[in-house]
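Residue numbers for the sequence shown follow my numbering, beginning at 5 and rising by one.
Calculated directly from the structure, the hints in this document are not laboratory data. Don't take each hint at face value.
Said to hold, decoys possible - Label pairs and their computed distance ranges (CB to CB):
1. G58 with I98: 12 to 22 Å
2. A78 with G58: 12 to 22 Å
3. H109 with T63: 21 to 31 Å
4. V125 with N89: 22 to 32 Å
5. S56 with E110: 40 to 50 Å
6. E110 with G58: 32 to 42 Å
7. H109 with D67: 27 to 37 Å
8. V129 with S56: 33 to 43 Å
9. I47 with N74: 20 to 30 Å
Computed from a predicted model, the values in this text were never measured in an experiment. Cβ atoms here follow ideal geometry from the backbone N, Cα and C, with glycine treated the same way.
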Amino acid sequence: MTALLSFVLLALCATAAVPGALAGLLSSGCVESSIAVNTGSLILSATCANGSGGTTSSTIPLDSCIGNNNGQLAPGVDFSQTCVNITSDGLVLIADCTTVAGTLHETSIDLDVVIQDDDGVLNCVQ
């Protein structure tokens, strides 16, 4: 596991939020987001439009939405158990993940695929 990983990423989302939207892409409803490592857990924090004209700060552990499918980051859970060298580029998560053969494979996933803004609250895409 990447307990020694320590980075914070601040990314400004370019698209304006649509007030009243029930759910949407993370990048379209949030004005700022960061990925941080807190005590070994990858946490996504974002400030998103809440549908009432304001904003809500929300967090979600990335392990609750992302898994490792034979060396590929994919929707699921607990990717950090089998992935190392975890970094990010904007809202793209990058890691080296173990395949069923035991080799490492570099992979990435767009967080918009696995996390949504639901009226200011971050949730895993169902």
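Among the hints numbered above, which are violated by the structure, and what are their numbers in rising order?
1, 2, 7 and 8
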